[in-house]
Amino acid sequence: MTATTTPYAELKAPTTARRLLTAPTTGPLVALLLACAFFSFSTDQFLTGGNFSLIVQQVMVVGTLAIGQTLIILTAGIDLSCGAVMAFGSIVIAKMAAQGSLPPLVAIALGIAVCGGFGLVNGLLVQKIPLPPFIVTLGMLNVAFALTHIYSEEQTVTSLPAPLTALGETFPLGHTDITYGSLVTIALFLAFAYALSGTGWGRHVYALGNSQEAARLNGIRTSRLTIGIYSVAGLLYGVAALLLISRTGVGDPQAGQTDNLDSITAVVLGGTSLFGGRGSVLGTFIGVLIVGVFRNGLQLMGVASIYQTLITGVLVILAVTVDQISRKKAR
Amino acid sequence: MSRTSRLSTSLLRAAAVTGVAALTLTACGSGSGSDSASSGSGSGSVKVGLITKTDTNPFFVKMKEGAEQAAKENGAQLVTAAGKFDGDNAGQVTAMENMVASGVKGILITPSDSKAIVPAIAKARAKGVLVIALDTPTEPESAVDALFATDNLKAGQLIGEYAKAAMTGKTAKIATLDLAPGVSVGVQRHDGFLKGFGATDKDVVCAQDTGGDQAKGQTAMENCLQKEPDINVVYTINEPAALGAYTALKAKGREKDVLIVSVDGGCTGTRAVKDGKIAATSQQYPLKMAAEGVKAVVTYAKDGKKASGYTDTGVTLITDKAQTGVDSKDTAFGLENCWG
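Here the protein sequences come in this chain order: P and D. To convert, note that position 169 of the first sequence is 168 in numbering that gives the first Met the number 0; the numbers rise steadily by one, no gaps. To convert, note that position 158 of the second sequence is 157 in numbering that gives the first Met the number 0; the numbers rise steadily by one, no gaps.
If you're looking for bench data, these hints aren't it; they were derived computationally from the structure. This structure is a prediction, so every number in the text was calculated from the model and none was measured. Do not rely on the hints blindly, as some may be mistaken.
Okay, the calculated beta carbon distance ranges per label pair [to be verified]:
#1 D/G74 x P/L104: 40 to 46 Å
#2 P/P162 x D/N222: 42 to 48 Å
#3 D/F84 x P/L46: 29 to 35 Å
#4 D/Q225 x P/G138: 24 to 30 Å
#5 D/S141 x P/F274: 50 to 56 Å
Quick partial rundown of chain D residues pointing at chain P, CB under 7 Å, derived from the structure [as the list claims (entries may be wrong)]:
#6 A81
#7 A100
#8 P118
#9 P136
Every beta carbon over 12 Å from chain P, so not counted as near; a handful from chain D, in silico [what the hints assert, rightly or not]:
#10 D87
#11 Q91
#12 T93
#13 D200
#14 C266
#15 G275
#16 D329
Every residue, glycine too, gets a C-beta built ideally from N, C-alpha and C.
One chain only, chain D, in its complex shape (with noise of 0.2 Å):
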């Protein structure tokens, strides 16, 4: 390469840099427009971190807006990251290093990893930064200085009474589409509903992981189905994975006879019921959960008073098919509360 060439290639790239940098302040002016809205100019006003897992899944988008519309009400200021995929503990790491180095009065994280997030929290912990985890426990709990989150078992016992009392006089051969090994919000839920139908992991005829993905929803529909062709009842994870099981139920003509139930409440999963699809499902709030949050920072900035222990933030049972004894609201009242 001739020396001009690479004088100019040197230019050029630093050129390309300099394009980049007018597009930061784009992005910048799109993307934190909300934030410095609510804040000012942010000198003075109170930073509360919001760590999601992921930036795309729709739960954690409306956890965000939530926390947004309550850091404008608290004049607070509201930064957000996430990691790159749900399980990215790395990620979140990085970002609340950052945030603590920020300034931030206190960080709202979901775990992507509930025990390997522990020693970062305990870093900003002793930098005198309030960690609340939402959604997701760490393990341990008190690793924490408090959890606002949906009780998981509770989510999973409504779905399980329901089922168990929409199955009243026939045989109920179950079919569990559970997340992923060892992730403690599939374990609590799938465990919640085996007691609230009162069954255990024996009665179960297939159990599959889904990841809470629809399309491996669908696919370990179909092969429980091979399996057990009477399958009946069908707990899933969450609404994508029950939507798979739906199809895969469908192709083979069995949609009408056999019953699935669901725990989120997004809005999609709640038209789902609205629709007939899914019988019934357990609806968490997650714009409550970063609400709650943003205001117990607030609180923490201004008293020094630090938020403690568990915070439920509820769940309502959501279905238009309702079971005497059992306490649920229609879909009216899920689609006016539905997230997504």
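Isolated chain P, as found in the complex (with noise of 0.2 Å):
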């Protein structure tokens, strides 16, 4: 289309509902409303607020975990440690309150600085060596996954106390039941969507993600920032972990194990593009959702398990699909 054939109205500033049809996360968000419209169709028990309320609490871990995964993403970067560090830090949180005899919150801290210690190792050599990304947390989910075999002693942590599990309590809200720990995701989602898209620190990611060399030359400490970015991350898989002891109520030392892959999904679902700079935190909220609905949908249905990882498949693909072709129109 040249300037010339352009409508006049094209050249006005976008109206409301334009910029609503046009922002990132509008196709996730049709294609969850989607998906929920057609389960309320199929199923009787979906459209009901214990239902939402459960699904959120389903998606939580995932979702925490996919906030690090999107931050990453949104740098070019990817992290396939992170179900792994996550298992790493219950195993030490339950470990440290339920037979370290530590007091429950300062085993709560140290899980969670101990997470975070496993995104700055992985953010120093992505950084500083530098190494791709993939490579380094691969390596790390290995060192991960083998460190919690080896603490747990391939034991589950049973008998965890009372703190532990708070944030798996819920509080009525009309009929409701709602988790303590989806609120703290949902503030998380919150907090970071406001962090990229309304400080200069966001600005920063993004412009990270475009491209390295140009931010470093518009004065961002790339360096500093890409380290950074990674620590957030691992300190947001702590709080993943918390989550999930209290959702499950032990310490598990094989949970997380498809954790790491569900989080890309996540991400991706939500438009967050592989190749960084493009996408939101919002998006992949939405992403989550869209699982956590197909998954809790069909299971009501009583539709076997097996076709749930099909459609999750196919979503993946038809969404990295859309990207690409997006991309080749930008150009």
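With the hints as a guide, dock the two chains, each given alone in a separate frame, to form the complex.
Written out as structure tokens, the structure reads:
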């Protein structure tokens, strides 16, 4: 389309309606709403407050991991270690509090700090040597996985003190029970959505993802920024570890084995580009909910779980295809 | 990116999802066909949930078949779910919550993690749902209403007694290809085998974990033979591990003079017994576990009577080279009753 044939209306500032239609999260949001509509028609139990509360509760762990994953993917990186790091953090928290006789809050802080430490090491290796994020985090996946099994002695940690599971407790809201952990996850999503869209730090993250060299030449301290992002992601995995414990009521060395891929799935479904620089945390939240809604809805319909895997796979390929096509058009 | 292409991107995403919704419909059509056939409209019939460790292991596939069959016979509606991998506790918890939300009367579960699943089971039971463990007990066993399972200690003991009889007059050098540390099924079979053989862990010259996997079983056996070349009795946690061991032994030309015993009674495994690759196996009955479980839930729905305690679903020693003093059936019986 050349400028001379562009209708006048096109040149005016976008209307609110148009802005809504073209926001990067619109596609995923429409997808989510369509899925919800579909399941509401298909099963009686889907469209209830209790069920929505359940879905948020079920996605809070992967959701919190996915915030960290979004930050890293925005820098054109990837984190394969997030699930394993979380599992290690959860065992540290559970064992320290249940068997190490540390006060629960100290154990929690320690576990989150340990996860932050993993993030810091990832960031240092990616930035200082530098190594490709894929390789660094693949290595770290195995390190964290092994440490989890060594430290836990393959034993599930039970009989956790109450503060560790407090976030899994519910409070009533109307006729629905909401878990505190869900609120923590939603608060984190909102906080990081603001940090990315409303602060200078956020603009730097996008700039770094688009071109590290250009960002550096523009005076952004890219090295510090990258290491910081990986560390923050690590701390988020620590929070996810606490949420995981509170949800299942135990410290489980087997946990988190597919959560790295699940978090990447959520990020991609939420419209964030794997090539960096484009996307949003709110999109990821929608992506997480899409997976949660499909899993819950298909289960309520009585469809075998293997179809959940099938559909999630197809959705991911479609989402990446859309990303690629839109990139080609943009060129 | 221009505004128009952004708009079309959004629309494209929406179109993509509509496509997937259609796919869902298709999937439901093929996936739940048998369910809806057994339940009619679904309203009024008893809803029974079955949660297995994975979707892909033939043992659980057979368990699901048994449950479907029993649901059909009892006019119940079966919903199924599984973890993504063996050990996926969070996946099983999620499946449980969804089933309770969908209004099941009872849940049959094969716990991936005996301890970790306990709090989730407590929540479901608090809502009046009957929970029965199949195949694998919970820790503590009282966390569920009832347990329908193979007596794994006995399964191990049978092959232990068989191996002892078959090795009469020879000095045994035992290798054990185990499951994984701390997994109760594996520990019980291993201990049962030693008990039946009249041996202790000190008599085992090589013990390796295999995860019940054929390739890992082969590697484990190769390493054991490297360590102790004259091993002549091999206990294996299941038949895939046994077949892995056989491959390793065959590569060394030892397949004829080493006694391999196993547990499970899958069809592939039972055929391996018939072919002489495995000397004997203890056969278990997943179909029966599921069928009994479905019946128990239907009874609970009708009379409010809860199943309780442990029900042994039986185990049979299968071999074509029977030993005196050890009860066994031949592979013809084994193949008729095998799973997978």
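Go through the numbered hints given earlier and state which of them the structure violates, listing their numbers in rising order. When the structure is compared with the hints, numbers 1, 9, 10, 11, 12 turn out to be violated.
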